[in-house]
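Peer 1: Given next are the chains, with one letter for each unit.
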Amino acid sequence: MKRFIAIVLAACMLLSMAACGAKETAEPSGVTAVDVSSMTAEEQQATTEAAANITAEKEYLDTYRTSFSSSYASFNYFSTAYSTVRGIVSSCIDGLVEPDIYGVYAPSLAESWETNEDQSVWTFHIRKGVNWVDHNGNDTGLPVTAQDFVDGIRYIADPLNEAYSMRVVRNLISGLYDYYWDLDDIDCGDKDDMTREEAAARFDEMVGVKALDEYTVEYTLDGSAPYFLSLIESSMLLLPIEYDYAMEQGEDFAVDNEHMLYCGGYYISSFERDKAITLTKNPLYWDIDNITVDTVEYQMIPDGTTSLEMFKRGEVDYVSVEAEEYLSMQGSEWAADLIPTERSLSTNYLWLAFTSANPEFNTFVQNENFRKALQYSLDREAIAALRDPVDPARVLRGTINAEGCIYDENGKDYTDYAPLAAIKAENYNQPDKARAYMEAAVAELCEADGTIKGIEAGKVDYLPVTEFDVDGKLPVTVVYVGTDDEDEIVMAQLMKAMVEESIGTDLIDFQIVCFSGWTYGTVADPMNYDIYFDSLSTGYADPSGILTRMTTDGAENVGCYDVPEYDELIDKAMEAETFNERLEYFAEAEAYLCDGAYVIPFISSLRGYYMTKSMPFTSPLTIYGNEKFKGTLVMAEPLTYEEYVTLDTAYEIERAKALAGE
Amino acid sequence: MKRYIISRTLRSLLTIVVVFTAVFMLLRLMPLEGYFPQEMLKEIDEATRMSYLRNQGLLDHPMVQLWRFIKNLFSGDLGRSLTVYPKVPIATLLKEKIPVTAAFGFASMIIGIVFGISMGLLMVRTKDRLGDKLGMFYILCVRAIPSVIYLFFIQVWISKWFNLPLIFYKDRPSSWILPTICLSLGSVAYYALWLRRFMVDEENKDYVKFAYVKGLSQKAVNRRHIFKNAMIPLVAYIPSDLLMIISGSLVIETLYAIPGTGGLLTTAIKAQDNNLVQVIVLMYAVLSVVGVFLGDLLLAFVDPRIKLTEGE
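So the protein lines, in turn, are chains A and B.
Residue numbering for the first sequence follows the working numbering, beginning at 1 and increasing consecutively.
Residue numbering for the second sequence follows the working numbering, beginning at 1 and increasing consecutively.
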């Protein structure tokens, strides 16, 4: 009961904030970031010098101490579903390329590369003289060769190795899809015209990855993939493997630090399961001059309060701080050190069920006016304030793909293309417009007495989630199904209040059902909802990662809409001759979906703040992949937000030059 | 005695078989989707999911799976974790985790018994006076206040006042102090409360009054008669407590980041890690049954009035 009251009070408080147009959200620590483009050359020069002074004045340490909060189940980078594991592996196994500190792809294990005209064949020239090392940093004498990259694909191509998140790579590398499913069909007895060994022996002829010579590997893709380098950054599945070693280990491969080999800047020198992990500088690393920290120590700290206290006591060098803690720390000695998190590639959105079992909703959701009524009834900033009461505006997102992660050949942000720029600029908090849209929908779909045309009263079965009666009359019953997570309940309450206040309870009855347990399998998949909250992430530098999955028959079309116009635009994008043309079509398609409110993106997953002793902008800018410790500088004292802003401004000046090729 | 032990052993084995089989079969009734973390489920299609389940043998008939597990068990193979620690041998996991939990459990048990009994004796000796009231206050605090509150207070504030580490480090003995104390708070209260209660009960019995009439001092009566008899009900639980120290404490191990077994069973059940759940349930069932059995034997040993079989 208390919890319910607390939730209602919180929702009321946020609603009243929204109603009053409360925008008293001070910039963190009172220091504002500077727009680089508006700076004069002298100002830029002065900022660069100030940043250089900050960097020069600091005292630097050899060890970086950080934490993790959930278990490291295994280090098998091909099969793990856990991003934490990927974070560690990123520093221990190098890929073919890696971004530099400005996000421009630079040589890593590949010294150089080239691609054909339509970017469907990529050839990489592997660095010579790089050897695998063991968990003691000893040279195994096994060189990293082109074959190791071929074998990486060979490893994931075998269903028995249970590679994770195969979809993108499996559908992209020529022949991999058929090879994988042939093996799987043999495993489950659906294919008996060849043995498993015979099927496996066809790898080299079937799959589009070849070692042209000892140090040249070539990937042949099923279509143009101008984003392939970013996929190398984001996907663990394109990393190399010492195949004979891995086969020798069998099921033990990478279950701990002792059963794997390393070719990155660090190796895992010690591993206490669920407790501590130590990374030590790889003495044989090809780029050892840029490995600036000798040791990285991870401690498992399961809760945020303890890790914050440990940061204050100097026992860890990084801590993330939730917005609530941020507020409570104002006025303390730590307030000046709180830095807002920079980026989230994940977008939160509302799915609408287009084949809903609720006849009232099913009738209305097909109507664009109704969908737009929902879209314009949400005060996104008030919802964003749940995530970040200090600066909710930074959490807002109207597009499906994240801003600041996909750029065209001229360095223009994909979300700045005209159709998406219009979406970003639109104010969706317009209750009057929402009501007008709803009245238009009602005029089209209802009789004068409020009876919904073609609908009869009945019972709607969303079991095991809920069941309810509908009378076939206004107000139209809409069921939002969410989890029993406290934050999500508050958000749902807030949405209900917004929708009912904007559209009117005479026209809509917004019901909330909170479901405890496993929501995807019980709610989303069997479509036991009218409205459902979910998220999607931009995985690499191309909108296709999300948008091709949202077509009418796409795997991410959870709401089961049928939008041929969107599908057609996606087809055009995939067949476009240049990358810029491709982005234009994708932008048009994405805008079509958002503008028609087939899905309603509203905020990003960005949240919280952090305090750190790590100097920013010294490591590779991994937008799609995981943080690397190469180049990390650990300071004796925490970085202040004021210092951060100076460093950030100087960095943006340099990054703009780097992206422009200066 | 021999007959009792044989019959009791057979009944214990039957209990273990029933418990284990029930848990094994119940696990097979869980939805197949539960084998995948939410994050993974969204990423992989239905065909890939089925392929994964088939490779793990999870689509085989439950009786086939049961037979495979028993066969492997008798050949010394506990299997590998499915979802919590994918592919990690369960024997390795237990070998890593049990010693840590057992060390803390054993230390806290000793502290619990020593301090709990001492406190119980003090409370009896100072019944209705300050010592008794302070003891009762402690017991009420430990049992009535939600443990998370005082455990968190101890972790953050006591560690600050005494300059102790906030979490457990294997190589820093000073970091072992607070978790051990936290683990023993409950058992100190338990032993103190029940020893006081049983001793007060015994004090009012006729044989005690008779001992006083014989001229024995209060100290002698307490030591030779009351304490011994009051300890009998408590002694029966000591073997169980000793064996179950390996089960650990979810809250304390989480707070102090102790890589033990606390919460392992809960995590395994939530993640539908059948193999891990089976092994842990089997282990706990065996230890519980053995613990109760040893408790009964110990009871017969310390209390001459108790006979385990008719006619003996």
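Watch out, some of these pointers could steer you wrong.
Derived, one-sided and incomplete: chain A residues facing chain B with beta-carbon distance under 8 Å [what the hints assert, rightly or not]:
hint, residue
1, S74
2, E162
3, M166
4, D184
5, E251
6, M300
7, T306
8, L308
9, M310
10, E342
11, D449
12, I452
13, A457
14, G458
15, G521
Derived CB-CB ranges, DEER-like [as the list claims (entries may be wrong)]:
hint, chain 1, residue 1, chain 2, residue 2, range
16, A, A636, B, L164, 35 to 43 Å
17, B, M50, A, E581, 35 to 43 Å
18, B, L134, A, T618, 35 to 43 Å
19, B, I158, A, Q511, 26 to 34 Å
Note that these hints are calculated values from the structure, not bench results.
C-beta atoms are modelled at their ideal positions from N, C-alpha and C, and glycine is treated no differently.
Peer 1: A separate judgement is required for each hint: does it hold in the structure or not?
Peer 2: Cross-check of the supplied hints:
1. Interface restraint check for A:S74: the shortest CB-CB distance to chain B comes to about 5 Å, inside 8 Å, so the restraint holds.
2. Because the beta carbon of A:E162 sits about 6 Å from the nearest beta carbon in chain B, less than 8 Å, this interface hint is met.
3. The criterion of a C-beta within 8 Å of any C-beta in chain B is met by A:M166, whose closest approach is roughly 7 Å, and the hint holds.
4. The interface hint given for A:D184 is met, as the beta carbon of that residue sits about 5 Å from the closest beta carbon of chain B, less than 8 Å.
5. Interface restraint check for A:E251: the shortest CB-CB distance to chain B comes to about 5 Å, inside 8 Å, so the restraint holds.
6. With a least beta-carbon distance of about 5 Å to chain B, the hint placing A:M300 at the interface is held under the 8 Å criterion.
7. The beta carbon of A:T306 comes within 6 Å of a beta carbon in chain B, closer than 8 Å, and the hint placing it at the interface holds.
8. At about 10 Å, the closest approach between the beta carbon of A:L308 and any beta carbon in chain B exceeds 8 Å, and the interface hint on this residue is violated.
9. Interface hint at A:M310: satisfied, since its Cβ lies 5 Å from the closest Cβ of chain B, which is below the 8 Å cut-off.
10. The closest approach between the C-beta of A:E342 and any C-beta of chain B is roughly 22 Å, which is over the 8 Å cut-off, so the hint fails.
11. Restraint check, A:D449 versus chain B: the minimum CB separation of about 44 Å is more than 8 Å; hint violated.
12. At about 34 Å, the closest approach between the beta carbon of A:I452 and any beta carbon in chain B exceeds 8 Å, and the interface hint on this residue is violated.
13. Residue-level restraint check for A:A457 is violated (minimum Cβ-Cβ distance to chain B is 33 Å; threshold 8 Å).
14. Taken as an interface hint, A:G458 does not check out: its beta carbon lies about 28 Å from the nearest beta carbon of chain B, beyond 8 Å.
15. At about 4 Å, the closest approach between the beta carbon of A:G521 and any beta carbon in chain B falls short of 8 Å, and the interface hint on this residue holds.
16. Taken as a hint, the range 35 to 43 Å is violated for the pair A:A636 and B:L164, whose Cβ atoms sit roughly 24 Å apart.
17. Separation of B:M50 from A:E581 is about 39 Å and conforms to the stated range, judged on CB atoms against 35 to 43 Å.
18. One distance hint, 35 to 43 Å for the beta-carbon pair B:L134 and A:T618, is violated here, with the actual separation near 57 Å.
19. For the pair B:I158 and A:Q511, the supplied restraint of 26 to 34 Å is violated, since their beta-carbon distance comes to about 48 Å.
This entry does not satisfy hints 8, 10, 11, 12, 13, 14, 16, 18, 19, going by the numbered hints stated previously.
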